[in-house]
Amino acid sequence: MLEKALKGSPKYYLWIGFLLLVIAGASSIYIKQLMEGLTITGMSRDVSWGFYISQFTYLVGLAASGVMIVLPYYFHGYKKFKDLVIFGEFMAIGAIVMCMGFIVVDIGQPQRMLNVMLFPTPHSMLFWDMTVLCGYLLLNVLVGWTCLECDRQHLPHPKWTKVLAYVSVIWAFSIHTVTAFLYQGLPGRHYWLTAVLAARFLASAFCSGPAILLLVIMLTQKLTTFKAEAEGVATLAKIITYAMCVNVFFFLCEVFTAFYSSIPGHMNSLTYLFSGFDGHAELVPFMWTAAAFAIISLALLIPPKLRNNLTLLPWSLAILIIATWIDKGLALLIGGFNPTPFETIAPYWPTGKELIVSLMIYALGALVVTVLFKVATDVKQEIGASQKPTAPCESEAA
Amino acid sequence: MNNTRRNFLKFMGLAAAGLCAASAGSALAVTASGPSVKKGEQALKAKHWAMVIDTKKVGTKESIDALAKACHQAHNVPNIPGKQNIKWIWAAGYEEAFDQPNPYMDEGLEKREFPLLCNHCSNPPCVRACPTQATFQRPDGIVAMDYHRCIGCRFCMAACPFGARSFNFMEPRLHLDLTSLNKEFPTRMRGVVEKCNFCVDRLAHGKQPACVEASNGALAFGDLSDANSEVRKLLREHYTIRRKPSLGTEPSVYYII
Amino acid sequence: MKLYNGGKIITGLVIFLGVFLAPFAYNAGKAAYSQPKLKMPETEKECIESKEYMRTNHMKLLNDWRDSALRDGKRVYVNSKGKEFEISLQNTCMKCHTNKAEFCDKCHNDAAVAPYCWDCHIQPEGLKK
Chain W
663 MLEKALKGSP KYYLWIGFLL LVIAGASSIY IKQLMEGLTI TGMSRDVSWG FYISQFTYLV
723 GLAASGVMIV LPYYFHGYKK FKDLVIFGEF MAIGAIVMCM GFIVVDIGQP QRMLNVMLFP
783 TPHSMLFWDM TVLCGYLLLN VLVGWTCLEC DRQHLPHPKW TKVLAYVSVI WAFSIHTVTA
843 FLYQGLPGRH YWLTAVLAAR FLASAFCSGP AILLLVIMLT QKLTTFKAEA EGVATLAKII
903 TYAMCVNVFF FLCEVFTAFY SSIPGHMNSL TYLFSGFDGH AELVPFMWTA AAFAIISLAL
963 LIPPKLRNNL TLLPWSLAIL IIATWIDKGL ALLIGGFNPT PFETIAPYWP TGKELIVSLM
1023 IYALGALVVT VLFKVATDVK QEIGASQKPT APCESEAA
Chain B
175 MNNTRRNFLK FMGLAAAGLC AASAGSALAV TASGPSVKKG EQALKAKHWA MVIDTKKVGT
235 KESIDALAKA CHQAHNVPNI PGKQNIKWIW AAGYEEAFDQ PNPYMDEGLE KREFPLLCNH
295 CSNPPCVRAC PTQATFQRPD GIVAMDYHRC IGCRFCMAAC PFGARSFNFM EPRLHLDLTS
355 LNKEFPTRMR GVVEKCNFCV DRLAHGKQPA CVEASNGALA FGDLSDANSE VRKLLREHYT
415 IRRKPSLGTE PSVYYII
Chain P
947 MKLYNGGKII TGLVIFLGVF LAPFAYNAGK AAYSQPKLKM PETEKECIES KEYMRTNHMK
1007 LLNDWRDSAL RDGKRVYVNS KGKEFEISLQ NTCMKCHTNK AEFCDKCHND AAVAPYCWDC
1067 HIQPEGLKK
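Protein chains in written order, with the working numbering: chain W, 663 to 1060; chain B, 175 to 431; chain P, 947 to 1075.
Simulated from the structure, these hints should not be mistaken for laboratory data.
The following residues of chain W were derived to be distant from chain B, with all beta-carbon distances above 12 Å:
#1 Pro965
#2 Pro966
#3 Ile984
To be clear about the criterion: a stretch of chain B counts as covered by chain P if any three or more of its residues have a C-beta under 8 Å from a C-beta of chain P, and this derived list gives those stretches:
#4 315-324
#5 339-353
#6 361-374
C-beta atoms are modelled at their ideal positions from N, C-alpha and C, and glycine is treated no differently.
Could you put together the complete structure from these sequences and hints?
Structural data, given as structure tokens:
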């Protein structure tokens, strides 16, 4: 089926060529990082994880989000999601590839990365993170590819794909829980040391992930003959709305615990993020933008008339994505490391080179998603499934 | 035709697997005899190494910088300006060192500086975090680093509640005086995390840690499980505090205030 | 029997053979490879183990040494003859083999091997600025 990715419209070739150019160009900066070390990033002794790991965290959320389609379809027979399942699985594959990419560019000795497998360490959450991510990638590749191939051959799906799909639902919850456990078990980082972090991660994943997926599906509908079932899209938008409500609620719970208890350890990171600490207020405009965007996105998503307005929906989703990205892709790491164990502030901002290497990983993910979505839409076109209705006066083409 | 080829391939696969198993078996069958390894006689031994610091005797930045100089010289720690620096032992004020804020402190304490280093905790969160066991706890309590295995993921740096660890963001030899290195100890290379190692290399030769030797008696180093050791004597006679005890990491570095 | 696409195949084969045999052509007429002359230690005549053993096993020995010294805390090696040595690349091996460039590198360069030991361990002749 992969041969379907080799032929396409001129726009398709242009897009693939552009992505390959970006990857090739940015890889020169990555090679510089390999030779000189992570000194080209903005990380420091006090903020030892930065943009790379924060993007990894956000994208694990995107990877887990496929479960919001797979769960209703497989557990509850919600047929309206039938044509979206493959896209959820393929988006998960692209997201996991990006997650692994961000880990690889972040570690200091990448040639030794197999040490995590050669010296398995069950008491380390990173070991389990590696395990569950690899397993989830395998699950999505196996189930997604097999089901699509069977659809193409007009064959019923083998029984084992159903079993593995069930496993992948549980597994999806686990990947983001394990990622949260990376953070929430560290005794010295009070912004992360909260039981609700795993719940926050999942809620944030289940609104931002499907939002990104829905935007990409809407784009796919514009660029191909694929048309998603309208009720399926509407239900997904409902799920996103509920998840965002829970996400905001959990965050407000954190704010309450921090400021009602008045314990400095709990308060200081939030104070730094939202109003500044020790003379440093670098992130304050970002955080209030995120807060405003979160409320605006809910205002645009909760009322059904606005949520079902398909011209407005992409904008509401985009605003939601920006809000959740600032929370997870920026505030989580910088707020976690600040204030430092010495109660000082160590400002962090990614350098240009760091952003270019990140762009390389994002382009790689976009390439994977493009190729996989091209295969999926071409197969659907071939078998005549979920296609845009043709106008009545068009002749029946062969 | 297809069936014969399939059977042939199956047979070849089994044969290859059999050969691999046979050679693996023969390799395992060879027992290692002859050479052996053991601990050196002059090595200092303990069940639980700990340090007691008399902060009155080493309470100025100059005196602590002298300790840092001895330590960094003995272990080829580079001197990097800026925020991607590396330090194994350094000076910090009361607010940075301890989690007992007090708006009305005695003036001596307000001005005093404290030597901060890896606490070699008994319950180390960094060891729990490391995915390759590159940082591990020795039976004598020292939290050691294996730079050969470290992949530079910096999870241990996030886990350490004391900020005791440094990462080699760049090639450390760029910031070392290559003519005055300690040739008996290696440097590190970029991409690994490093920290104080309680001078395991010096202990193996019967010497005290470099900072202890340079401290003129202000730092005491010994076995906590030996009731007659100098550290236990000091702990019996003085009030001591440790950094962030409520986190339960059980630091092995005690400060006499 | 007709060779379809014969022109392309023959051309491709010629190019391939040319590239494949180029190293041999480059070295034609030159002297045969001779093993490098290593600078042996002046004072000591016996290494940790025998010459043959060290030739084949020195990397495995160093790996075992690394683990037993650093991870197990056992820093004394008793060789097959019962003689004791301190487990240390810089302080034992390189005390006798006092120049990395004239000993280690001689064979390693010819074999195109670049072990990363020396990224951290300091060679006895010192580092150039």
